[in-house]
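Chain residues, written in single-letter form:
There are 4 protein chains.
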Amino acid sequence: MSSQLGQLFRISTFGESHGGGVGVVIDGCPPLIPLNESDIQKELDRRRPGQSEVTTPRNEADTCEILSGTFEGQTLGSPIAILVRNKDHRPEAYSEMAEKYRPSHADYTYDAKYGTRNWQGGGRSSARETIGRVAAAAIAKKVLKHLAPDLETLAWVKSIQEINADVNPLTITSKDIESNIVRTGDPQVVDTMITRIKDIRSQGNSIGGTIECVVRGCPTGIGEPVFDRLEADLAKAMLSLPATKGFEIGSGFSGTLLTGAEHNDHFYMEGAKVRTRTNHSGGVQGGISNGEPILFRIAFKPTATIMSSQPTISKDHQETELKGRGRHDACVLPRAVPMVEAMTNLTLCDHLLRHRALTGQ
Amino acid sequence: MSSQLGQLFRISTFGESHGGGVGVVIDGCPPLIPLNESDIQKELDRRRPGQSEVTTPRNEADTCEILSGTFEGQTLGSPIAILVRNKDHRPEAYSEMAEKYRPSHADYTYDAKYGTRNWQGGGRSSARETIGRVAAAAIAKKVLKHLAPDLETLAWVKSIQEINADVNPLTITSKDIESNIVRTGDPQVVDTMITRIKDIRSQGNSIGGTIECVVRGCPTGIGEPVFDRLEADLAKAMLSLPATKGFEIGSGFSGTLLTGAEHNDHFYMEGAKVRTRTNHSGGVQGGISNGEPILFRIAFKPTATIMSSQPTISKDHQETELKGRGRHDACVLPRAVPMVEAMTNLTLCDHLLRHRALTGQ
Amino acid sequence: MSSQLGQLFRISTFGESHGGGVGVVIDGCPPLIPLNESDIQKELDRRRPGQSEVTTPRNEADTCEILSGTFEGQTLGSPIAILVRNKDHRPEAYSEMAEKYRPSHADYTYDAKYGTRNWQGGGRSSARETIGRVAAAAIAKKVLKHLAPDLETLAWVKSIQEINADVNPLTITSKDIESNIVRTGDPQVVDTMITRIKDIRSQGNSIGGTIECVVRGCPTGIGEPVFDRLEADLAKAMLSLPATKGFEIGSGFSGTLLTGAEHNDHFYMEGAKVRTRTNHSGGVQGGISNGEPILFRIAFKPTATIMSSQPTISKDHQETELKGRGRHDACVLPRAVPMVEAMTNLTLCDHLLRHRALTGQ
Amino acid sequence: MSSQLGQLFRISTFGESHGGGVGVVIDGCPPLIPLNESDIQKELDRRRPGQSEVTTPRNEADTCEILSGTFEGQTLGSPIAILVRNKDHRPEAYSEMAEKYRPSHADYTYDAKYGTRNWQGGGRSSARETIGRVAAAAIAKKVLKHLAPDLETLAWVKSIQEINADVNPLTITSKDIESNIVRTGDPQVVDTMITRIKDIRSQGNSIGGTIECVVRGCPTGIGEPVFDRLEADLAKAMLSLPATKGFEIGSGFSGTLLTGAEHNDHFYMEGAKVRTRTNHSGGVQGGISNGEPILFRIAFKPTATIMSSQPTISKDHQETELKGRGRHDACVLPRAVPMVEAMTNLTLCDHLLRHRALTGQ
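Chains as they are written, first to last, in my numbering: chain A, 1 to 361; chain B, 1 to 361; chain C, 1 to 361; chain D, 1 to 361.
Chain A on its own, in the form it takes in the complex:
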């Protein structure tokens, strides 16, 4: 059951990068939520390759079909199945992958675990697997619009290598982020980032960075104590994305340098609303949202596929070399932005429904 997420808004993704298709079944979506394929297609288009000069030139059509769970433009309350057909079959382009393990990919560990592997395009470890997540999250977003109309989730590229964006999480807009192909929120670093990505790609190399995400307008009281703390479920959701190596919320790792007197967030009243003077907590205290913006960052390693030759081993455990081929992102960050938003919305939607079950609100 590795491909299921959520307790009440439960998604089950399926599909290898090659084969019939990829998709998702969502069980537990409330009825009477307006939903059309265009709601989903819009989000899929943000994650697909080939959308700009800094992403892979592979052109995946990624056209979604809703197979079930809606009727006359609304959800029925029954499982919603979404299918995106695979189109770009070119197994021959990857045939070397059947014999050799790509460094820092999942080839070796899949074989070690299962004794088999769909080596075409990476199988289940392909970034294409995230299509099901993004599709499900498009629906989660519609449910959130219904349950918490003021809630807004926004992610942006915070850094690429050492190039750091200066962004105000309280004021940044979706338009700011989508205005540039790197999806960063700081106009000052856009060109530097684009240049860096192009340079690295021309070298056949790759780079990583960090993405920052804010949830504004989340109701107070969302999340759970103990194991299913909101930050714990967000951490899991983020670390489940390909290429992620770290997660921090609020003050994060740099907060370990402060003293308690510096770090504590003091409560005060802003009219009738409870606020805190600082937000080192990142909007979550004891696992539960406190009404302040939820703010966290995720580390993405440099893409594992590079175009230079690397030492590795073959399936029969002989040492050999392998050179990357095909079309890949030199930097996954711009396309990872909608994935981060997707995982955030899936997590929040599930927790809002859990809160409603427990408290009736």
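I should point out that these hints are in silico values taken from the structure, not numbers from a laboratory.
Just so you know, not all the hints are guaranteed correct.
One copy or any two copies: either way a pair holds, since identical chains are not told apart in the list.
Below, simulated SDA-like cross-link-like pairs (lysine to any residue); rule was C-alpha separation at most 20 Å, straight line [unchecked claim]: (1) Lys323 <-> Glu99; (2) Lys145 <-> Gly360; (3) Lys87 <-> Gln51; (4) Lys198 <-> Ala261; (5) Lys273 <-> Asp111; (6) Lys175 <-> Lys315; (7) Lys87 <-> Ile66; (8) Lys323 <-> Gln310; (9) Lys42 <-> Thr173; (10) Lys273 <-> Asp150; (11) Lys87 <-> Glu72; (12) Lys145 <-> Val167; (13) Lys175 <-> Ile194; (14) Lys315 <-> Asp199; (15) Lys42 <-> Ile66; (16) Lys315 <-> Leu32; (17) Lys315 <-> Arg325; (18) Lys198 <-> Ser308; (19) Lys315 <-> Gly291; (20) Lys42 <-> Glu65; (21) Lys273 <-> Gly324; (22) Lys145 <-> Gln361; (23) Lys145 <-> Arg356; (24) Lys42 <-> Thr63; (25) Lys323 <-> Ser308; (26) Lys198 <-> Glu262; (27) Lys87 <-> Glu65; (28) Lys323 <-> Met269; (29) Lys273 <-> Glu319; (30) Lys198 <-> Leu258.
Model the placement of chains B, C and D on the given structure of chain A, informed by the hints.
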């Protein structure tokens, strides 16, 4: 269902810091595992307050009782219930807490979520809640000994504020860690860390830091693709601990500065064993263990309870001040070391059983 | 995870008949529900042995203690742990059970499954295991009172062997049932049933029968399509009780003799309320409650423990004989009545919370 | 989450009778199991309408497509998605159903629960929903062949109304059952049953009956104590099928007439094998298989759709009449036989994997 963890080795913790007691029920523990109360007590003693001059002087006896699930020194395969009675009832010492929200604690969010709260000693958000986890993990450790005899989990204090320990994760031993009361692995920084904690405590202030954890000898193939990646479940487990703000595995956040050519871990053969030259992956690729040491770090914020007066609000939303009282850790790190090991062993035990279900091994 | 039930109101029972104690942890109970130990004790007293001349003379005190999850007489929303200590330790009385398998008990299958077994008093297969269920259900009943004030669950002994009670499920009251020690709803058969049980007991033999249960006032729309149909979850809940061999709802097995024209329940309006003329459906259509009384019956086999000598095998697979000893119910039905009500209320409470999560109502 | 079943072999079905299609995603299927579409198609063909003169003349092609989870004729260990397209769109044939509630169908309860309903062909309550189950069970059957090669599941029509088949569960074969279009196991009653079904159909009426199912060769030790007893999970699985009203195992309801001395199954040795002289237990003791044949029966009510006019109410709660239209089974039993086998195999496959996780066997 916020207090359950694990798919096959499922634990259900219970208990507030004040009331009848705290504990855990473990469902899914294999039969015929040798188990006595002393196995559990040993781990509880490592987490309890009052064990050294750098931890809180509160003396919690924390004596555990196995209520069910064992017979003649072995597990039965039925649920194992463990109870630790609460003893140190002093509600009057905390009565101000009934009326005022402590900054950066869960007081406000609990009231916001539930409309009620056991304000005595923090209720379910108390560090005392971790007793159930540590008790369950003591059993997980016994199961791991059976399923994967070579597996060893060790955690240590990696940093306190900017004081950083230099530790070799491949060679550090349990004895190294337990040889000093800070539970760091670097003898060079022990005194500096102790002095820092004492100084901060004498100021009525608090500090945080990071803990590093290694799993050596984990079999290859453990973990799952997609949502339940090993690193995702570890991230969730760690972020579910009180006071945590971040998690990173392998190269983590600093890995975002490298290029792919620098970051990729090249495979080679060490005799019959598949190895990687570097371990930026942190022992996990595509969510599945690759046989290299699993290595990760967790950020702990400074303890929220400090002895100086801080601005806050009351339950009826009036601005007021609150001064910390009672006996608390100025630095939670030394006592958090066994908690990190506990959450790691719980996560691994569950994944090893999942692997056995899927593959028969 | 054999000892957990419920998706949102999730209970985890624990405990063997001999050992520290038996009990339950409930995770997912809404906050602010009034709850005291006496609410639970009342239900436990209805299931305990020794309460009348037709039940086993064993006198189990079964005093419950709430260990967590309540504060000042209300639920907190955190896990509620309940413990009932074991008191009647007399392992010597049963020592033969360590070596020989009792016919139609779980002795052999437990050993076959686990390779071990707490042979004292039946271990986990003891009827004593139901204490945790009844305790949890006492809380479910309080939650139901809050969520669906008109809902009332009543069970009664419908038959003992061929002695059949004539009961009107629409009008029977709790007082009717508790007015006689057999807990049947028909005063005409009380004496016959009591005489039969006493006769059988005096012969060292045992008998079974059926229990009927009605849920009146259940809101319309409770339950789910497909796998978690209300009748499916009720069937599972009932068949999980010791000694049960069958379940039927509405027209049940006898409905298979009718034609569709006879069996269909025609809708009509009773004022503003949708009703059906007949109730062959048993209050559930397509897995979802339709507002009519939910009505079902459960078959209980004769108690396996009898006082005559029976052929069996020993643990080392030698043929031998075994004679029942100790104090047992010659007829489990009267004490099973509160267990049936308990399992019904647990099932309904979970489904009402699921309905609230999905629809907000 | 009403459309998920299983803890380790978890299936998620989707699809309304009208719309893009119906299907299932299976998460948790072990790798390296041989699997082709023909394995699934074979089982789908047994459940489809139009296969004989006693089933509905509707001709559903039900051609399945495996979208993911297999590679070169074997399972990968990743989710297996199966899709069967809907073809027979004729919404106009059913348009009256948009306004009126069919008696003893789920029309009213779906509207009451969700506030909406796909009224075309019954939506999710259509028998077409079982396609996903049968497809998933075809895979479960392949896994069972691998885990327990001697295990064989066979179901047959035991009775139609009062016409009862005399069948020996120990010797009946698949060939016996498939040799006649009613799928009963007793050649003596085949013609009577066929005649009865034809007569009833010609009257525009419908009938029900019982199905009996045996599992031969199930390993000892399968199942769990307490809530997930094998018989409890079988009861749930069976009662989740459309039109079911009862379940009994072993002696069932008639066992309530016996005394314990008559009912107890005495152990004896048959060579090295533990056996019982009788099998009133139905192959399960304390929730766990004892190696004897598992034997149970399920009651199916007469099909709700009949061709005569019946009183009912409309969506706006006006009393009205409704006459059945379209092509329906006058007796669902022959087509329910493969569904019963499917639910049995799904339940067993899940429990065998659970047993493997717990005990390594």
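- Item | Violations among the numbered hints | 6, 12, 14 and 21
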